[in-house]
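Number of protein chains: 2
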Amino acid sequence: MSLLVVGSVAFDTISTPSGQVSDILGGAATYFALAASYFADVRVVAVVGDDFKAEHEAVLTRRGIDTSGIERAAGRTFRWGGQYVDNLNEAKTDFTELNVFEKFQPRIPAEFLDTPFLFLANIHPALQAAVRLEMNGVRLTGGDTMNFWINGTPKELAETLKLVNVLLINDTETKMLAGDKNLPRAARKVLTMGPQALVVKHGEYGATIFFREGAFGIGSHPFRAPALPIDEVKDPTGAGDSFAGGFMGYIASQGEVNREVLKRALFYGGVMGSFAVERFGTERLQTLSRAEIDARFQVFRELTHLG
Amino acid sequence: MSLLVVGSVAFDTISTPSGQVSDILGGAATYFALAASYFADVRVVAVVGDDFKAEHEAVLTRRGIDTSGIERAAGRTFRWGGQYVDNLNEAKTDFTELNVFEKFQPRIPAEFLDTPFLFLANIHPALQAAVRLEMNGVRLTGGDTMNFWINGTPKELAETLKLVNVLLINDTETKMLAGDKNLPRAARKVLTMGPQALVVKHGEYGATIFFREGAFGIGSHPFRAPALPIDEVKDPTGAGDSFAGGFMGYIASQGEVNREVLKRALFYGGVMGSFAVERFGTERLQTLSRAEIDARFQVFRELTHLG
Chain A
1 MSLLVVGSVA
11 FDTISTPSGQ
21 VSDILGGAAT
31 YFALAASYFA
41 DVRVVAVVGD
51 DFKAEHEAVL
61 TRRGIDTSGI
71 ERAAGRTFRW
81 GGQYVDNLNE
91 AKTDFTELNV
101 FEKFQPRIPA
111 EFLDTPFLFL
121 ANIHPALQAA
131 VRLEMNGVRL
141 TGGDTMNFWI
151 NGTPKELAET
161 LKLVNVLLIN
171 DTETKMLAGD
181 KNLPRAARKV
191 LTMGPQALVV
201 KHGEYGATIF
211 FREGAFGIGS
221 HPFRAPALPI
231 DEVKDPTGAG
241 DSFAGGFMGY
251 IASQGEVNRE
261 VLKRALFYGG
271 VMGSFAVERF
281 GTERLQTLSR
291 AEIDARFQVF
301 RELTHLG
Chain B
1 MSLLVVGSVA
11 FDTISTPSGQ
21 VSDILGGAAT
31 YFALAASYFA
41 DVRVVAVVGD
51 DFKAEHEAVL
61 TRRGIDTSGI
71 ERAAGRTFRW
81 GGQYVDNLNE
91 AKTDFTELNV
101 FEKFQPRIPA
111 EFLDTPFLFL
121 ANIHPALQAA
131 VRLEMNGVRL
141 TGGDTMNFWI
151 NGTPKELAET
161 LKLVNVLLIN
171 DTETKMLAGD
181 KNLPRAARKV
191 LTMGPQALVV
201 KHGEYGATIF
211 FREGAFGIGS
221 HPFRAPALPI
231 DEVKDPTGAG
241 DSFAGGFMGY
251 IASQGEVNRE
261 VLKRALFYGG
271 VMGSFAVERF
281 GTERLQTLSR
291 AEIDARFQVF
301 RELTHLG
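Those protein sequences? They're chains A and B, same order as listed.
Throughout the first sequence, residue numbering follows our numbering, covering 1 to 307 in sequence.
Throughout the second sequence, residue numbering follows our numbering, covering 1 to 307 in sequence.
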């Protein structure tokens, strides 16, 4: 089934211990869409500038992604620069140029309004809420947010959280949002704010999904999926968005949402995140095959399952 | 089969957000022995002072642990004081009084020399090596160490590592020992130093076991076990030693060492660590039943296994 993502398309300048790249295609919506494209029909709503060329759009369309919701605005595309020095888990931002993204008002094409699966990538929570409210017939909404909105726009975020079925954030964001340093307790508090399920991403340690009691009719036991121990993380940029793309894409491919689907989705999220970091930018996500993805899924299974 | 642990017995003074206790029975050998006692016949070699009373010894003997290798020396038992303030993963040490432990020279009773399973808890690596060399008929040796020895006595530690089959340390120690910040790469380097397997403990994220190629005839794919998301960690002291006790105890109970045994051992390690932190000191480890342990093993399985 189809899956709509609303978020950023960007050009990134990245420095890691493995090398450096300038102005490569990135942004949350890009990583998400590429990762999800191996599972579902993906539609993107975003804004780009004059510098977004046919070659950039082709990265998406080659994967069958519908780019008709990408708005062209006068000016430059969102740009971000960052480096991973000692710690591959956290980028040090060198610069952020919002450019055309500063005035981004997502416009959902009429033919996208009944898309059954929706992902609200990390943008202003008021925009996330507006998108969700405009859509009709959405069966499952996933969402992301970050410290900037948790601290800066708590009221708007609180309204948005009521509209999100599955929130995907990391450990620090979960604890900050709940005001509690204990993870499972913080997770339970977040689940009183709206989402029926919360995926907490642990970086190199994988992810845990927590369920609100009775959510999806499946009880409240959490589930943990691993991350792959990777010898060389070339570029961690986009790992979380690729995780979200694998997670939401797999759910959209199954049509029904139950505990087993969500568990497998968590595994596929880890799988797509593990591919993303093997090369700079979106390179690895552009040329995968479903067979490679399923082979790695088996590696994740062997990594965690008793005989 | 029987399992010998050589290490510290201590009296701990601990402060955590959940409360405070003074001079309670602790020490690596104590936590290890109690955790392992649910799986195997456990023997302890350690040193205590005049203040180690019958009531303390009874904590061990009630669990069927052989305390005949615990030496009584004139003076006070090893004492440690620490607090967990913001971070339950790391203690801030208030004081360390080595007392009788300062001159500890492990003496292995003759009837212990052929114990098939041995665990060298965190003591000076030269003492660990001496114990291992004195033993005959050991089938598997597990060992622990810490930053203090990695930095302070690298040559002695290098010799000891050649005698250890399975090393159990945490992420930071692994990276420090290998001089490499990437975990799987660091793990592979450690596996060139002697151990056939390396268990890296990730605290609240569980643990990963890495194998040297061909170790135990089982290939080199790593395996990950989770930790339980716990709402209230009352006292993290001894979690790592309890993990080691569950891990080694389960292996000793199986008699043979193969991939499946080591995988399950990793799960049982997590199970025992999860019990240890539910109460202060060794309280929870004193009164478990094998049924409770196996029920939690099932929770760990459900937490990680696809249908």
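Keep in mind that the hints were calculated from the coordinates and are not lab data.
Certain hints may be false.
If chains are identical, the list can't say which one is meant, so a pair holds when it fits in one copy or spans any two.
As the list claims (entries may be wrong) - Only pairs whose alpha carbons sit at most 27 Å apart, straight line, appear in this in silico DSSO-like list of lysine-lysine:
| # | residue 1 | residue 2 |
| --- | --- | --- |
| 1 | 92 | 175 |
| 2 | 92 | 181 |
| 3 | 53 | 155 |
| 4 | 189 | 234 |
| 5 | 53 | 181 |
| 6 | 162 | 53 |
| 7 | 263 | 189 |
| 8 | 263 | 103 |
| 9 | 181 | 263 |
| 10 | 175 | 189 |
| 11 | 234 | 181 |
| 12 | 234 | 155 |
| 13 | 53 | 103 |
| 14 | 53 | 189 |
| 15 | 234 | 162 |
| 16 | 175 | 53 |
| 17 | 53 | 263 |
| 18 | 234 | 103 |
| 19 | 92 | 263 |
| 20 | 92 | 162 |
| 21 | 92 | 234 |
| 22 | 181 | 103 |
Q) Given a CA cutoff of 27 Å, do residue 53 and residue 189 count as a within-copy pair, a between-copy pair, both, or neither? A) Neither, since 44 Å and 45 Å both go past 27 Å.
Q. Quick one: residue 181 to residue 103, C-alpha cut-off 27 Å, is that within a copy, between copies, both, or neither?
A. Answer is neither; intra-copy 35 Å and inter-copy 41 Å both fail.
**Q.** Within, between, both or neither, where residue 263 and residue 103 count as close if Cα-Cα is 27 Å or less
**A.** Neither way: residue 263 and residue 103 sit 37 Å apart in one copy and 53 Å across, limit 27 Å.
(Q) As a check of your reading, is residue 92 near residue 234 (CA-CA no more than 27 Å) within one copy, between copies, both or neither? (A) within (16 Å within a copy, 35 Å between copies)
Q: First find the shortest C-alpha distance between residue 189 and residue 234 inside one copy, then the shortest across copies, and answer within, between, both or neither for a cut-off of 27 Å.
A: Cα proximity of residue 189 and residue 234: across copies only (20 Å, versus 35 Å in one copy).
(Q) My question is about residue 234 and residue 162: at a cut-off of 27 Å on alpha-carbon distance, are they close within one copy, between copies, both, or neither? (A) Neither, since 37 Å and 33 Å both go past 27 Å.
Q. Which holds for residue 53 with residue 103 at a C-alpha limit of 27 Å: within a copy, between copies, both or neither?
A. Classified as within: same-chain Cα gap 20 Å, cross-chain 73 Å, threshold 27 Å.
Q. With identical chains treated as interchangeable, where does the CA-CA distance between residue 175 and residue 53 reach 27 Å or less: within a copy, between copies, both, or neither?
A. Neither: 40 Å inside a copy, 44 Å across copies.
Q. When no copy is specified for residue 263 and residue 189, does a C-alpha distance of 27 Å or less occur within a copy, between copies, both, or neither?
A. within (21 Å within a copy, 33 Å between copies)
Q) When no copy is named, should residue 234 and residue 103 be tagged within, between, both, or neither for a Cα gap of at most 27 Å? A) Neither: 33 Å inside a chain and 48 Å across chains, both beyond 27 Å.
**Q.** Same-copy or cross-copy closeness of residue 53 to residue 263 [CA-CA at most 27 Å]
**A.** For residue 53 and residue 263, neither the intra-copy (38 Å) nor the inter-copy (51 Å) Cα distance is at most 27 Å.
Q: Check residue 53 against residue 155 for me: Cα-Cα at most 27 Å, and say if that holds within a copy, between copies, both or neither.
A: neither (38 Å within a copy, 59 Å between copies)
Hints 3, 5, 6, 8, 12, 14, 15, 16, 17, 18, 19, 20, 22 from the list above are not met by this structure, while the remaining hints are.
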